[in-house]
Amino acid sequence: MSRPTFLLDGQPVAFDDGQMILDAARAAGRYIPHLCWHPDFPPHGSCKLCVVKVAGRHVSACATPARAGAEVESDTPEINAERRTLLQLLFVEGNHFCPACEKSGNCQLQAMAYDLEMTTPRFRHFYPDRPVDASHPEVLLDFNRCIYCELCVRASREQDGKSVFALTGRGIHKHLVVNAESGRLADTDFSAADKAADICPVGVILKKRVGFAVPIGERTYDRAPLHELAMPKTEGKG
Amino acid sequence: MNAPRKLRIATVSLAGCFGCHMSLLDIDEQVFALLERVEFDRSPLTDIKHCGPCDIGLVEGGVCNSENVHVLREFRAECKTLVALGACAVNGGLPAQRNHIDVGRCLSAVFQSRPGMDTAEVPDDPELPLPLDKVHPIHEVVRVDYFLPGCPPSGEAIWQFLSDLLAGRTPRVASPLLHFD
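Chains as they are written, first to last, in this note's numbering: chain A, 1 to 238; chain B, 1001 to 1181.
Just so you know, these hints were derived from the structure itself, not from any lab.
It is possible that some hints are incorrect.
[Unchecked claim] Derived lysine-lysine pairs resembling DSBU-like cross-links, with alpha carbons at most 35 angstroms apart:
no., chain 1, residue 1, chain 2, residue 2
1, B, Lys1049, B, Lys1006
2, A, Lys53, A, Lys233
3, B, Lys1134, A, Lys174
4, A, Lys195, A, Lys174
5, A, Lys207, A, Lys174
6, A, Lys48, B, Lys1134
7, A, Lys207, B, Lys1134
8, A, Lys53, A, Lys208
9, A, Lys195, A, Lys207
10, A, Lys162, A, Lys174
11, B, Lys1134, A, Lys208
12, A, Lys208, A, Lys162
[What the hints assert, rightly or not] Away from chain A, derived, C-beta distances all over 12 angstroms, residues of chain B:
no., residue
13, Asn1002
14, Pro1004
15, Glu1029
16, Phe1032
17, Asp1055
18, Glu1067
19, Ala1087
20, Asn1099
21, Pro1123
[Said to hold, decoys possible] Not the full set, but computed from the structure, chain A residues with beta-carbon under 10 angstroms of chain B:
no., residue
22, Ala100
23, Ala111
24, Asp115
25, Pro121
26, His125
27, Tyr127
28, Val210
Glycine included, every Cβ here is placed at the ideal spot set by N, Cα and C.
Work out the full structure, taking the sequences as your base and the hints as a guide.
Listed below in C-alpha cells is the structure:
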C-alpha cells in the first residue's frame, strides 16, 4: 500500500499518518530550517524558523501534521525573507557579538544566518543588560545569547530529571532563569555531563576551559553549512 | 582616449580598530587591479581630511561619539553607495560592549576613581568629541546600502564584494565567504 504524499516546493514527499511536515520532509531528505525543534523532543513551535505556507496560510512545519495532497511552500524567496526577518529580530533582541563568542562557528543561529544570507541585523538593537553566571565550576551561562528555544529547559527536565532551567516572564520580559533560590547555577545539581549542557543551539551554556580548543575557522559550520549538517545522516556530529 | 572614468572610493574607520582596512590591504596583488578601476578620496590611505563626491564609501566601525556622527553623515551625503564594512559597523561590535554601562560612570571609573592618575578629572578638552551614551551600528544613524559582516571580513570577501560592485552587479557575499567572526 503506498503512503500518502504532500507536495513540498512542488516535489512529492511521502508521510505516515500523524507525522508532522518537518519530520516527513527530513525523513525524505528534505531540509526545512529550524532552531527550537530537536529530534529528541516533541515540537515546541516557538522559533518559527520552520515557517512554511500551506494553502496560503503560514504554519510551523514542526507542529503541523502533513495532509495528503497539501501544497507546502518552504524554500521560496518570500518564506526565506520572512525567516531572515525572524533571525534579525532574534539578533537585535539579545547581545549577539559573534567575534567575541566562544560558540562562534558552532552556533546554529549564526549558521542559519549564513544559510539565509543575513548580512545585517537591520533593526534597532536592544542591547539588553544580562549579567553572566560564572558561578558553576564547569559551565558558564551567558544569558545575552538566549533565544528562548527552551531546549535546555526540556532536556534538563525530561532527560536529566533535574529541572535546572526555566523560562519566566511574558513577551519581551521573558528570560531564562536557574532553578535555585540564589538563581546561581552553582547552587543546583547541574553537571557538565548533563544532556542540557550540550543542547544549547547558541552560546548560552558554555563549558569552561575548552572555548577555543578548536580554533575559529575550523569549527562545525566553518566546514559545512547548517542545511547539510542538520539532516539525519549527520545528526549528532555537530 | 575614452577610458572609463575611475570610480572614487572613500574609506574611514569610526569606532573600529582599522582591522577592516588591514583586511582591505589583504587583497594583495588585486590592489593593482583595484587601482586601475578606482581612485581614493578621503581615506587613511590618502590622508585627505574631508570626503568629496564619491561613488563608494566604505565605513568601518560603529558610531561612538559626536565626531563619528558628523563623519558618517558626511559620507552618506557624499557617497552614492554606502557600505558597512565589518562587524562593528554592522552591529556595534566590540565597542558596543560598553552599552550596558552608564557612560558617566564608565568615564568616572576610568579617569576619577582609578588609582595612580595624576589629575583625577574626566578629560574635557573642547577638541575631544563627546562620547554617545551608546555605541550604535551605522545603520541606526544613516541609511546604508550594503553590509559586509566579519571581524574582519576576509580580503577574499572584500574583493568579491568590490568586484561585484565595480562590475555593476548587486554584491553578494554568501557562504563560505560570509562570516560573522
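Taking the hints in turn, this is what the structure says about them:
Of the supplied pair hints, the one linking Lys1049 (chain B) and Lys1006 (chain B) holds, its CA atoms being roughly 20 angstroms apart against a limit of 35 angstroms. For the hint linking Lys53 (chain A) to Lys233 (chain A), the alpha-carbon distance of about 26 angstroms falls within 35 angstroms, and the restraint holds. This hinted pair checks out: Lys1134 (chain B) and Lys174 (chain A) have alpha carbons roughly 24 angstroms apart, not beyond 35 angstroms. Distance hint between Lys195 (chain A) and Lys174 (chain A) is fulfilled; the C-alpha atoms sit about 23 angstroms from each other, no more than 35 angstroms.
With a C-alpha separation of about 24 angstroms, the suggested pair Lys207 (chain A) and Lys174 (chain A) falls inside the 35 angstroms cut-off, and the hint holds. The straight-line distance between the Cα atoms of Lys48 (chain A) and Lys1134 (chain B) is roughly 31 angstroms, inside the 35 angstroms bound, and the hint therefore holds. Among the hinted pairs, Lys207 (chain A) with Lys1134 (chain B) is consistent with the structure: their alpha-carbon atoms are about 31 angstroms apart, no more than 35 angstroms. The hinted pair formed by Lys53 (chain A) and Lys208 (chain A) fails the criterion: a straight-line CA distance of about 42 angstroms is larger than 35 angstroms.
Restraint check for Lys195 (chain A) and Lys207 (chain A): satisfied, since their Cα atoms lie roughly 13 angstroms apart, inside the 35 angstroms limit. Proximity of Lys162 (chain A) to Lys174 (chain A) is assessed by CA-CA distance (about 21 angstroms); at most 35 angstroms being required, the pair is judged to hold. With a CA separation close to 30 angstroms, the supplied pair Lys1134 (chain B) and Lys208 (chain A) stays within the 35 angstroms bound. Of the pairs offered as hints, the one joining Lys208 (chain A) and Lys162 (chain A) holds, with about 21 angstroms between alpha carbons and a cut-off of 35 angstroms not exceeded.
Non-interface call for Asn1002 (chain B) relative to chain A: holds, since the shortest CB-CB distance, roughly 36 angstroms, exceeds 12 angstroms. Every beta carbon of chain A lies more than 12 angstroms from that of Pro1004 (chain B), the smallest distance being close to 28 angstroms; the non-interface claim holds. The non-interface label for Glu1029 (chain B) is consistent with chain A: the shortest C-beta to C-beta separation is roughly 23 angstroms, beyond 12 angstroms. Chain A leaves Phe1032 (chain B) outside its interface by the beta-carbon criterion, the shortest separation being 28 angstroms against a cut-off of 12 angstroms.
No Cβ of chain A comes within 12 angstroms of the Cβ of Asp1055 (chain B); the nearest lies about 20 angstroms off, and the non-interface call holds. Against the 12 angstroms criterion, Glu1067 (chain B) stays outside the reach of chain A, whose nearest CB is about 21 angstroms from its own CB. Not every C-beta of chain A lies more than 12 angstroms from that of Ala1087 (chain B), the closest at about 5 angstroms, which undercuts listing it as non-interface. Interface exclusion of Asn1099 (chain B) from chain A breaks down, the closest Cβ pair being 4 angstroms apart, not more than 12 angstroms.
Every C-beta of chain A lies more than 12 angstroms from that of Pro1123 (chain B), the closest at about 25 angstroms, which supports listing it as non-interface. The interface hint given for Ala100 (chain A) is met, as the beta carbon of that residue sits about 7 angstroms from the closest beta carbon of chain B, less than 10 angstroms. Taken as an interface hint, Ala111 (chain A) checks out: its beta carbon lies about 9 angstroms from the nearest beta carbon of chain B, inside 10 angstroms. Interface hint status for Asp115 (chain A): upheld, as the beta-carbon distance to the closest one in chain B is roughly 7 angstroms, under 10 angstroms.
At about 5 angstroms, the closest approach between the beta carbon of Pro121 (chain A) and any beta carbon in chain B falls short of 10 angstroms, and the interface hint on this residue holds. The beta carbon of His125 (chain A) is positioned within 10 angstroms of a beta carbon in chain B (closest approach about 7 angstroms), and the interface hint is therefore held. Using the Cβ-Cβ criterion of 10 angstroms, the hint placing Tyr127 (chain A) at the interface with chain B is satisfied: the shortest such distance is roughly 4 angstroms. Given the 10 angstroms rule on beta carbons, the hint for Val210 (chain A) is violated: about 17 angstroms separates it from the nearest Cβ of chain B.
Checked against the numbered hints above, the structure breaks hints 8, 19, 20, 28 and satisfies the rest.
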